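Residue 9 is where the sequence shown starts when you use my numbering, and the numbers rise one by one after that.
Keep in mind that the hints were calculated from the coordinates and are not lab data.
In this text, all values refer to a predicted model and were calculated from it rather than measured experimentally.
Just to be clear, a hint being listed does not mean it is correct.
[As the list claims (entries may be wrong)] Below, a list of computed lysine-lysine pairs in the BS3-like style, where the Cα atoms sit at most 27 Å apart:
1. Lys77 with Lys19
2. Lys204 with Lys160
3. Lys237 with Lys204
4. Lys77 with Lys161
5. Lys18 with Lys204
6. Lys240 with Lys18
7. Lys19 with Lys160
8. Lys237 with Lys18
9. Lys226 with Lys237
10. Lys226 with Lys19
11. Lys77 with Lys18
12. Lys233 with Lys204
13. Lys204 with Lys240
14. Lys240 with Lys226
15. Lys160 with Lys77
16. Lys18 with Lys71
17. Lys204 with Lys226
18. Lys19 with Lys71
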Amino acid sequence: MTGVSTESLKKVEAALQTNASQHAASLAEELFAVVDVIDRDGTLRRALIDPSREIESRTGIVKAVFAGKISDSALNVVAEAVSQRWSEERDLADALETVATLSAAIAAESRGGVEALETVVNNLLIFINTVNTSAQAQEALVDGRASNEAKKKLAISLGGTNVAPESQLLLERAGARPRGLTAARVAQKFVEIIVKRQNRWIARVTAARPLSEAQIVKLQNALNKVYNKNLKLDITIDPAVVGGLRVQVGDEIVDGTVSTKLSELDRAVA
C-alpha cells in the first residue's frame, strides 16, 4: 500500500480508535466479515472506491448493504474507509483487514494488557514457524478438498498450546481466508501490524541450537541497543547453519553462521 492509500489508512485507523473502546473483539470479527463481502463482490468493491462518486453516495451504499447486519461502530469504520481515496482496487479491503487486526490487538490489550498481546504475537509466530517447516501443514492448508472449518481448526492447533481468543480469530483468518497469500504470510502480516502498533520491530534469529535464557536476554539487549527499539525476537532453530547466528531486522541481515562463512570461502577459492 503506497501513496494516497497510506494516508487514507491512517484516517481509517483513527476511526477505529474512536469506535473500538468497548467491543473490540466483536468489532474485529465484523470488519473481517466486511472484508469477505468486498472480496467476493467486484461490483460492490469498485463502487465503494469509485472516485467519481460523491462520498455521500459511497457511504450510502455501505449503509444499504451493511446496516442492520453489523454494529454501528463497524458501520462507522467502514463508512470512513469508503470516504477515502485508494490507489489500488484491493487497498480498501486491505485497509479494513488491517484495522480488523488492530481491533483484535486492542481486544487482547483490554483483556490482559501487554502480556495478553504478547501471547497473541507468540501464537502467530509459532504458527508461522510450524507451517514454514512442515510441508504436510502447508499442503493441508491449501487442500481444496478440506472445508474452511477444518482449516480453521488446523490453524488454531498449529498456534501452540496456549492460544488466546484473539489469536484464534487471526489464525482462523490465516488458515481459511488467506486472500491470495500463503497462510504463513498472512500470519506474518498480522504480526507486523501488531508490533508496528507497539512501535516494535521483529528480529528474526536463526541459530544452530536452542539458546539459553541468559543468551536470549544478552542478544535482546544488544539488538535493542543497536536499533534503539524494543525488538521482538523470533528464534528459529536450524542445525544446517552449523554455528553462529543469523539475524534479520527488516531488510537488514547480519549473518555470522558457519555455513555462510564456508560458502563464502568456497566462492573465494573457486
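Structure-based check of each hint:
About 24 Å separates the Cα atoms of lysine 77 and lysine 19, which keeps this hinted pair within 27 Å; it holds. This hinted pair checks out: lysine 204 and lysine 160 have alpha carbons roughly 26 Å apart, not beyond 27 Å. Proposed proximity of lysine 237 and lysine 204 is supported: the alpha carbons are some 11 Å apart, at most 27 Å. Under the criterion of a C-alpha separation no larger than 27 Å, the hint pairing lysine 77 with lysine 161 is consistent with the structure, at around 26 Å.
About 13 Å separates the Cα atoms of lysine 18 and lysine 204, which keeps this hinted pair within 27 Å; it holds. At most 27 Å may separate the alpha-carbon atoms for a hinted pair to count; lysine 240 and lysine 18 meet this at roughly 24 Å. Taking the CA atoms of lysine 19 and lysine 160, the gap is near 31 Å; set against the 27 Å cutoff, the hint is violated. For the suggested pair lysine 237 and lysine 18, the alpha carbons sit about 22 Å apart, so the restraint of at most 27 Å is met.
Between lysine 226 and lysine 237, the direct Cα distance comes to roughly 15 Å. Compliance with the 27 Å bound is thereby established for this hinted pair. Annotation: proposed proximity of lysine 226 to lysine 19 is violated, straight-line Cα distance about 39 Å (limit 27 Å). The straight-line distance between the Cα atoms of lysine 77 and lysine 18 is roughly 25 Å, inside the 27 Å bound, and the hint therefore holds. Of the supplied pair hints, the one linking lysine 233 and lysine 204 holds, its CA atoms being roughly 18 Å apart against a limit of 27 Å.
Using a Cα cut-off of 27 Å, the hinted pair lysine 204 and lysine 240 holds, with the two alpha carbons roughly 11 Å apart. This hinted pair checks out: lysine 240 and lysine 226 have alpha carbons roughly 13 Å apart, not beyond 27 Å. Simply put, lysine 160 and lysine 77 have alpha-carbon atoms about 23 Å apart, close enough for the 27 Å limit, and the pair holds. Annotation: proposed proximity of lysine 18 to lysine 71 holds, straight-line Cα distance about 22 Å (limit 27 Å).
A hinted pair counts as satisfied when its Cα atoms are at most 27 Å apart, and lysine 204 with lysine 226 qualifies at roughly 23 Å. Distance restraint check for lysine 19 and lysine 71: the Cα-Cα separation of roughly 19 Å lies within the 27 Å cut-off, and the hinted pair is therefore satisfied.
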